[in-house]
Amino acid sequence: MDTTGAGALVKALEDVGCEVIFGMPGGAILPAYDPLLDSVKIRHVLVRHEQGAGHAAQGYAQATGRVGVCMATSGPGATNLVTPLADAYMDSVPIVAITGQVSRGVIGTDAFQEADIRSITLPITKHSYQVHDPADIPRVIAEAFALAASGRPGPVLVDLPKDVLAAATTYTPPKLTTPSRPVLPPVQLRNAAQLIGSSKRPVFYVGGGVIRSGAAQELRELAERTGIPVVTTLMARGAFPDSHRLHLGMPGMHGTVPAVAALQRADLLIAVGTRFDDRVTGSLPDFAPHAAVVHADIDPAEISKNRKADVGIVGDCRDVLAALSAVVTGTADLTEWWHYLGGLRATYPLGYDWPPDGALAPQYVVERLSTLAGPEAIYTAGVGQHQMWAAQYVKYERPGSFINSGGAGTMGFAVPAAMGAQTGAPDRTVWAIDGDGCFQMTNQELATCAAEGIPIKVAIINNGNLGMVRQWQTLFYDGRYSNTGLGTHQRHPDFVKLADALGCVGLRCTTQSEVDGTILEAMEVRDRPVVVDFVVGQDAQVWPMVAAGTGNDEIMAARGIRPLFDEEE
Amino acid sequence: MTRHSLSLLLRNEPGALARIVVLFSSRGVDVESLSLGPAEPHGGHSALSRLDVVVGLQPGRTAAQLVKQLGRIVDVKSVVDRTHDEALELGA
Ligand SMILES: Cc1ncc(C[n+]2csc(CCOP(=O)(O)OP(=O)(O)O)c2C)c(N)n1
Ligand SMILES: [Mg+2]
Chain A
2 MDTTGAGALV KALEDVGCEV IFGMPGGAIL PAYDPLLDSV KIRHVLVRHE QGAGHAAQGY
62 AQATGRVGVC MATSGPGATN LVTPLADAYM DSVPIVAITG QVSRGVIGTD AFQEADIRSI
122 TLPITKHSYQ VHDPADIPRV IAEAFALAAS GRPGPVLVDL PKDVLAAATT YTPPKLTTPS
182 RPVLPPVQLR NAAQLIGSSK RPVFYVGGGV IRSGAAQELR ELAERTGIPV VTTLMARGAF
242 PDSHRLHLGM PGMHGTVPAV AALQRADLLI AVGTRFDDRV TGSLPDFAPH AAVVHADIDP
302 AEISKNRKAD VGIVGDCRDV LAALSAVVTG TADLTEWWHY LGGLRATYPL GYDWPPDGAL
362 APQYVVERLS TLAGPEAIYT AGVGQHQMWA AQYVKYERPG SFINSGGAGT MGFAVPAAMG
422 AQTGAPDRTV WAIDGDGCFQ MTNQELATCA AEGIPIKVAI INNGNLGMVR QWQTLFYDGR
482 YSNTGLGTHQ RHPDFVKLAD ALGCVGLRCT TQSEVDGTIL EAMEVRDRPV VVDFVVGQDA
542 QVWPMVAAGT GNDEIMAARG IRPLFDEEE
Chain B
8 MTRHSLSLLL RNEPGALARI VVLFSSRGVD VESLSLGPAE PHGGHSALSR LDVVVGLQPG
68 RTAAQLVKQL GRIVDVKSVV DRTHDEALEL GA
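Sequence order for the protein chains is A and B. Heads up, the first sequence is in the working numbering, so the first residue is 2 and it goes up one at a time. Heads up, the second sequence is in the working numbering, so the first residue is 8 and it goes up one at a time.
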């Protein structure tokens, strides 16, 4: 009996290599905070809201490739983690959430701050534990870390009753296991190689799994060896360099015309670490109608879920791509295919118009940010128009440089995710590209950043509105703008003053000529977070666009311009 | 709806059954019958439980997909689709 459950928890976290916890104490988790005070290996970042802790753990995990950890007390502390857990589940982000629970004897009695967080989170966690014996804590922590990171990564919850944390126990160091990787099926690999070798219009449809598995190099090798075009989904931005000649950009609802066309006209999709999400496929029966499908994913349940695979390969993306490189000997002549795609690339580059009223173009702000901060920076985004512009106009060259909420689409993700990313990558510049709506959901974490010396930079794309919703109202509801005006152009709130009050530097930029200077001024600040209020026009829209529920062939390069639909006639 | 008969072996851990049942409800699977018992019928505490379940699937959803989704649950050791065997047993 050399320690307590709480002591064992902290020691186990140290032993599995945890270096930072984002969390907030409270009654039930309080015993854990006592030994934490003495830990020299673990930094605790005290957040202002547990949702911030969860997204910070996600940002940390995606910036470092390691498991992110968040901690909360029972009841409301734990329920505040629900959104980040759902987010991490959708985007396969490895995090471990540690929650306090009421003591064993009163579980199930509606005790003060009791919430059955395990049940609440059943559909949004990969696995969860409630520990009833303090001696089990080291093993459970080690298992939780291993589960979160292995196979298809995801969130794992560890619920710890207060009396278990307080009880005396003996520390037994956990056995650390290296997860086994699936053995690749040779027949499927050969069939895939055969399809790759014989197709005339193949395309690599690359998803976030390539980033999770660290397969960017293997992808590049195989793409260069074959000369096959590559598209990268929202979750895969950075998995393949944007500057690469084989890269056609992002597919999907707001994808580029050549990327969407490549999928629609392909005779072979080589889908790697991706899940045929509806934002990519549009109406499923109309998606890639002429293509055979090779689908490689670590999760067998993804293969043939939405689109039947002709060849399914269960495996780690890195292993699969390396194995394919070894067996693919050549390809058919792709000249005609590239001729077609090259034509689209030349005719329909990403582009935007300046607002006629002289307001700042939001796309320009993002473009300049990308140029001035460069590919070594990390960019996070909220959800909305600014997120899509961040995906389109920042040029990504390396995996892990774009961190956003893809599957869940969680407003408020950007600031806390940036805080987590900056904590894990202190030497990088971290820019949160945020919306004026999103920013108001989680900006309290800027106080955390200021107090803890986490100098993130926030670019608020302030269009005065819930812009993405407003865009849909413009297009599909006759311009009836029901409840999308935020009043942020009337300074409700004044973001510069708010930044100042939170302990940050606040800057404002309203004209094109000020953009570069303001970004450079923000880059000069190294000792504090910076918030830039970029006041932009309210009518800018995200293009291209495939309207929800329609087929990808109906992609509009701009309003009323449907290049693929028209080419059929 | 198509009917399928599945047989699962799961670890007898708290929450294991709940996770399976929640998967059915979140994926829109209709449960027609469900029976749970120790996998080793004799002797005291059994480390493994056996779950036999008959489910109804919506059009377009396959049993193979459900089997794979159930297989992702950490406490599920194996899942077998017995629909075909049962049809044979019934002489159908
Ligand atoms: C938590 C949450 N609530 C509501 C939504 C629906 N929604 C999606 S985008 C959006 C507008 C976001 O506004 P803002 O942050 O200003 O971004 P903009 O589109 O203007 O760039 C809303 C309300 C959401 N995705 N998440
Ligand atoms: Mg906005």
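A portion of the hints provided could be inaccurate.
If you only want the chain B side, here are some residues facing chain A, beta carbon under 10 Å, derived [as the list claims (entries may be wrong)]: (1) Pro21; (2) Leu55; (3) Val81.
Taking beta-carbon pairs under 7 Å as the criterion, some of the chain A residues facing chain B (in silico) [claimed, not checked]: (4) Lys12; (5) Ala112; (6) Gln114; (7) Ala116; (8) Leu123.
As a list, the in silico BS3-like pairs of lysine-lysine whose alpha-carbon atoms are at most 30 Å apart [unchecked claim]: (9) A:Lys306 - B:Lys84; (10) A:Lys201 - A:Lys309; (11) A:Lys42 - B:Lys84; (12) B:Lys75 - A:Lys12; (13) B:Lys84 - A:Lys176; (14) A:Lys396 - A:Lys201.
FYI, nobody ran anything at the bench for these hints, they're computed from the structure. Because the structure is a prediction, the values reported are computed rather than measured. For each residue, glycine too, the CB sits at the ideal point set by N, CA and C.
Structure-based check of each hint:
no., hint, in the structure
1, Pro21, "7 Å, holds"
2, Leu55, "17 Å, violated"
3, Val81, "4 Å, holds"
4, Lys12, "24 Å, violated"
5, Ala112, "18 Å, violated"
6, Gln114, "21 Å, violated"
7, Ala116, "15 Å, violated"
8, Leu123, "4 Å, holds"
9, A:Lys306 - B:Lys84, "22 Å, holds"
10, A:Lys201 - A:Lys309, "20 Å, holds"
11, A:Lys42 - B:Lys84, "37 Å, violated"
12, B:Lys75 - A:Lys12, "36 Å, violated"
13, B:Lys84 - A:Lys176, "22 Å, holds"
14, A:Lys396 - A:Lys201, "29 Å, holds"
In this structure, the hints that do not hold are numbers 2, 4, 5, 6, 7, 11 and 12, in rising order.
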